[in-house]
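Chains as they are written, first to last, in my numbering: chain F, 1 to 321; chain S, 1 to 432.
Do not rely on the hints blindly, as some may be mistaken.
Below, simulated DSSO-like cross-link-like pairs (lysine-lysine); rule was C-alpha separation at most 30 Å, straight line [claimed, not checked]:
1) S:LYS274 x F:LYS266
2) F:LYS266 x S:LYS241
3) F:LYS266 x S:LYS420
4) F:LYS266 x S:LYS427
5) S:LYS77 x S:LYS99
6) S:LYS99 x S:LYS325
7) F:LYS266 x S:LYS99
The hints are simulated quantities; they were obtained by calculation from the structure and are not laboratory data.
Given next are the chains, with one letter for each unit.
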Amino acid sequence: MTALQSPPEPAGTTEPSSSSRRTKRRATALAPRDKLILGLMLGIPALVHIALVWVPAFGSVVLSFSSWDGIGGFEDIEWVGFQNYVDIFTRYPRFWPAFQHNLIWLLFLLVIPTVAGLLLAVLLDRQLRFGRLYQSALYLPMVLSLALVGFIWQLIYQPEQGLLNNVLGTASTDPVNWLGDPDINLYAVLVAAGWRHTGYIMLLYLAGLKSVDPALKEAAALDGANAWQTFFRVTFPVLKPVNVVVLVVTVIEGLRAFDIVYVINKGRNGLELLSVLVTDNIIGESSRIGWGSALAVILLLIALGVIIPRLFQVFREEGRS
Amino acid sequence: MTSFSASPHPLMGRRALLKAIIAGAGIAAVPGLAACGSDSGGTATDTVSFGNNLSDQVPKDAITAVINAFQSESGLKVAINTKQHEQYQEQINNYLQGKPDDVLAWFAGYRMRFFAEKGLTGDLSEVWSKVSGGYEPALKEASTASDGKQYLIPFTQYPWGVFYRKSVWQQRGYAVPKTLDELVGLSTKMQADGLVPIAFAQKQGWPGMGTFDQLNFRINGYQFHVDLMAGKEDWQSPKVKEVFDTWKRLLPFHQENALGREWQEAAQSLQQGKAGMFLLGSFVAQQFKADEREDLDFFPYPEINPEHGQDTVEAPIDGYMMSKKPANAAGAAKLLEYLSTPAAQATYLKSDPTAVATSNKADTSGYNSLQKKAAQVIKEAAHITQFLDRDTDPRFASDAATNGLNAFIQNPDDIDSILKGMADQAKTIFTE
Chain F
1 MTALQSPPEP
11 AGTTEPSSSS
21 RRTKRRATAL
31 APRDKLILGL
41 MLGIPALVHI
51 ALVWVPAFGS
61 VVLSFSSWDG
71 IGGFEDIEWV
81 GFQNYVDIFT
91 RYPRFWPAFQ
101 HNLIWLLFLL
111 VIPTVAGLLL
121 AVLLDRQLRF
131 GRLYQSALYL
141 PMVLSLALVG
151 FIWQLIYQPE
161 QGLLNNVLGT
171 ASTDPVNWLG
181 DPDINLYAVL
191 VAAGWRHTGY
201 IMLLYLAGLK
211 SVDPALKEAA
221 ALDGANAWQT
231 FFRVTFPVLK
241 PVNVVVLVVT
251 VIEGLRAFDI
261 VYVINKGRNG
271 LELLSVLVTD
281 NIIGESSRIG
291 WGSALAVILL
301 LIALGVIIPR
311 LFQVFREEGR
321 S
Chain S
1 MTSFSASPHP
11 LMGRRALLKA
21 IIAGAGIAAV
31 PGLAACGSDS
41 GGTATDTVSF
51 GNNLSDQVPK
61 DAITAVINAF
71 QSESGLKVAI
81 NTKQHEQYQE
91 QINNYLQGKP
101 DDVLAWFAGY
111 RMRFFAEKGL
121 TGDLSEVWSK
131 VSGGYEPALK
141 EASTASDGKQ
151 YLIPFTQYPW
161 GVFYRKSVWQ
171 QRGYAVPKTL
181 DELVGLSTKM
191 QADGLVPIAF
201 AQKQGWPGMG
211 TFDQLNFRIN
221 GYQFHVDLMA
231 GKEDWQSPKV
241 KEVFDTWKRL
251 LPFHQENALG
261 REWQEAAQSL
271 QQGKAGMFLL
281 GSFVAQQFKA
291 DEREDLDFFP
301 YPEINPEHGQ
311 DTVEAPIDGY
321 MMSKKPANAA
331 GAAKLLEYLS
341 TPAAQATYLK
351 SDPTAVATSN
361 KADTSGYNSL
371 QKKAAQVIKE
381 AAHITQFLDR
391 DTDPRFASDA
401 ATNGLNAFIQ
411 NPDDIDSILK
421 GMADQAKTIF
431 TE
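Looking at chain S on its own, in the form it has when it is part of the complex (with noise of 0.2 Å):
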């Protein structure tokens, strides 16, 4: 019996044990799966890494093009090192610290500077000084960090919009609302239709970060935008408030069950008809064949304060950064001059014509519908955001501001303990 009782310690030990081998070697396969990509090819100074986060099949084909035509033009060989989208960012940290690819994926804005200033990427003021006559001003500023040297070469960017079928809005006689009364209306107008209003998913954590971005811009304007991300301001004012109050007044015209659904289910109600709009950005149309994305239009969110009118669009820049000791300093450095050329933008955009080029010496011509009003809506822009997660510190994001949005679209009569939980989350993460 005695002999029973004593065995729980060695099983209890051997589990402890082996849980902590697991954890270890998962913990150390981060950066030795990133060593992998690099190692490859570190001895030859012809090789350049590149880490990729485009994942599925259509942007990785399409990224691979542009890859393959470098090649042919330069004479370097690149290793690509693909990882899933979602997994590149959750394991950016780890993969940054151990050994990264010579050029690598990331986004602009704040997302940027923080790892950037941390001192964990390259600097890029050298390419910068080669390629700054293709980019607009506002393009440079989002890839600067507080230090005033660059980090990232921009490559492609797409706007947030709310979108909508043509035909089916031709069908019913609908029109495109240019105030927040007139988007009520033609709500109030759908859900008589036997429409969703507003189609809306947000199982995946941030595509209700969208909704949250438009209508603090429209209502607050840019500036307060900007503030609040950067924890300078109060998530308990009435101005963030009168935000929650506005979507509030919404919530009834959007698609139920939102924390249950992925956008991609929601951008197929709109594809079939079942729902009138669709806020989001204009990847939208992946969802959408070939043909059909012809019928795909949107509008930018209506104005809400004639203060700031439509003066704002969100319209997030995705671009490559280089390593803080690329193996192939060089090499990388013509990679990534590559990719702010107008041809490697165009043949990336061929494959995946859901964004568009940040180059201001793309040829437009090429585009169809979708792009042409992309790249005008962006252009007409006085102030262009990232996106809440873009903007701010990702520890606000993924956490407080996530769960604080989730908790308002179960409990939208909780707006005021919810905003004191993200004040009182940003006050310690923006302190600390």
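Okay, chain F solo, but in the shape it has when bound (with noise of 0.2 Å):
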């Protein structure tokens, strides 16, 4: 990345001189043998890659300017521009619900959890006694998938036999129905949601804690400064690579919820989410595959448009460093 930033090369050495002076300089690194092996091992995974990934990527946003049932070959597609685009926009109720709710969950996530998780970290590298048990109980959750989190949560979530309205004491009297009231359902969703992504932060960031130099906090401490002090001026500045990876590890996580919503109420009343209305409208009897490929494009259009900014800036520091 840095080789991306570094000015251009002084006037007088043409661009491809400048390459192959470079290669010539690698050349004489690697032997022959070792370039082919190279070039395999980056080639290889690199066309599975963009056989796998880039390919269909592509071709879902080609098929979004397309009006097509799924049925038949590509004869059968009819291209209609972007009305797929000016129809969910303006004409399709669950849309804008959905995008709300998606932003609600990425926002709940980049805050709550990643702050509890960082807590949690720091507490946790203080080698408490059982310290391991808290980390493997806190991880744990991680461990399940988000389809048996929507089913644990159900139980305790259920308006006359679960564990919440029988502890708060309402189960008899007047049962809050949590999963069911479009009002307060995604937020209860997303306590679920962030009782498991707090477990992965933690680890994340535990594992960021480990690495930075005890020395730093020594200095930072004979210098005089408090606990408080030492973390946010010294510690956490230092923990900023493992902030980006939890930064884009969250907008995936925010941005594909899907299984929870799914298993308790197929993502509809209060429950829709952009990743919902693609499957409905690709998986099924009904298939709208351009529609749907347009709501798959929104969505990565918004993962894009959150990471992209932030890696730039993070890799535009690290080129200044």
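Two chains, each in its own frame: build the complex with the hints.
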């Protein structure tokens, strides 16, 4: 990445010569056999990646400009330009709620589980007694699939027999319908998703904290910094690369959320998410491939819109330093 | 440190790759699974493959009994390929485009015509020329696509109506309502007696369509139902608005929190005598024990508009289609012919006495009282509809209609904006 940010070659050396010079330098370092192996090791995964990730993604983008029911060959596809997008934005009543829910989901995951995960990581980094036990217990939800998490929390949220209403003592009098009430069910589900996500974030930060050089903290302490200052001025800035990982992981996690709401009520009635709309339109008896693809492209753009500026910023700063 | 910042890339790549592989495998598995069924006997000409969507134990045993009877009668072998009922419907598109079974279960109505017109199922005119004597003209019409050919062999049929327990009604002295006002009066009385007047469940997304259909063709008539479902009428028209206004008037008599309840639970509240009535198909009897079924009765939805009276009954037809290129065409035709016989239908109904035969030669003497009533109601009806999700484009039914009805049940005061949303979506879907 630093190479990308390096200043242009001084005038006089043209582009081809600069690259040939570079190859020459590399060629002396690598024997032809090594080059072949390196080429294969990079080339094969790259081809697989392109074939399985970029070709389908590009296919989705192309199909999003079509109207197609998924039956027959390419000759049956009717091209409609931006019509799908226009209709989705103006005529599809489920779109804006789903869009809003996705943003709430993303924001929630970025704030609550991230802060909680960081806090837990800092606490566990202090070599507590039974630290490993806490660590495993807190990480355990991450091992479960979101579908299973959805099931577990359904038991907790059940109006009459569920744990929560019984603990609150409202089960017999006026049970709150946690998952059935469209005004609160999104937040109820977010608690469940956050419960699972916190352990993941905690583990990422814990790994980052372990790699922080203790000498830095010592130096800060010698300079008279208190615990808060040490953390915010020294430790946290060193954790910056972890923050990028956490951000990327959280954005992915937030936008691909699907199974938990699908298990609960098929993503209807207050739990609409863009991923659910994509599934509803593409899978099933009624295929609207073009429409569903357009929704998927919108989802992709949101993900890229959040991640790319952040990555650019981080790498630019790294290139500068 | 830099190694850490570089690590997400291979990780992301691997995860995305895994996801792609899994997604790919999932898509490939759909036709792949179907292929298992048909390939196993594809080489031998004495085997017919049979795609079955009756996955619940009782109906599954019933259809197996029918197939066994066919095997011993014809000498052909049948490979049954059963899929979970809802999954079967969700996968039908891929299933038909992959390697479908020779004979496969499906429904009459727009849903049948849609796939027939796409050329995904086989022409059954020849089989029909042999069996048409056993069906009323209405059933033949329901099996015919717009090209005038038949694509479905009707098997069984069940009416929708308002179900109630005779014992509960006798005890409290309720009478069958003939008009909407009588229905409202009866509901008010039930409420005063501490009953939930109308059991209601919409978690699965389709039972509410039944209520909409009944109100719609009682208020606006059969032809309006057909045109509305075909996208020829406007969902924002005053006629549709009146349907929802009427429903809104009745909604306080419906069981609360319907969106969180499955029809089976609503049926149990009827069975336990907590609810007075339940509008559903006669399969509601599956939630009743055999000895309680005699206590179950139903009446066609009350009259609302005297112009239409009670002339329409919703009685969906389940039947069988043939795949586009069956591995064993002769055997498939034989099996379909057999499925049209009164004997085959009677064998099935013996184990699942909640539906009625579609053959007009069927022996009705073995019917229980509910089946007799069902057969009579269907016979007397001037018009027969299938069901909202069987009479309209599946793209409209599964998303716009389901979510529109859910939104209405959630916020009955938002009728105008909900209908605008449905109308807009109908316009895009039916012009696509």
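Evaluation of the provided hints:
Among the hinted pairs, S:LYS274 with F:LYS266 is consistent with the structure: their alpha-carbon atoms are about 28 Å apart, no more than 30 Å. A hinted pair counts as satisfied when its Cα atoms are at most 30 Å apart, and F:LYS266 with S:LYS241 qualifies at roughly 28 Å. A C-alpha spacing of about 24 Å is found between F:LYS266 and S:LYS420, which places the hinted pair at or below 30 Å, so the restraint holds. A distance of roughly 25 Å separates the Cα atoms of F:LYS266 and S:LYS427; the hinted pair therefore holds under the 30 Å criterion.
Taking the CA atoms of S:LYS77 and S:LYS99, the gap is near 19 Å; set against the 30 Å cutoff, the hint holds. For the hint linking S:LYS99 to S:LYS325, the alpha-carbon distance of about 9 Å falls within 30 Å, and the restraint holds. Straight-line distance between C-alpha atoms of F:LYS266 and S:LYS99 comes to about 28 Å, which keeps the hinted pair within the 30 Å bound.
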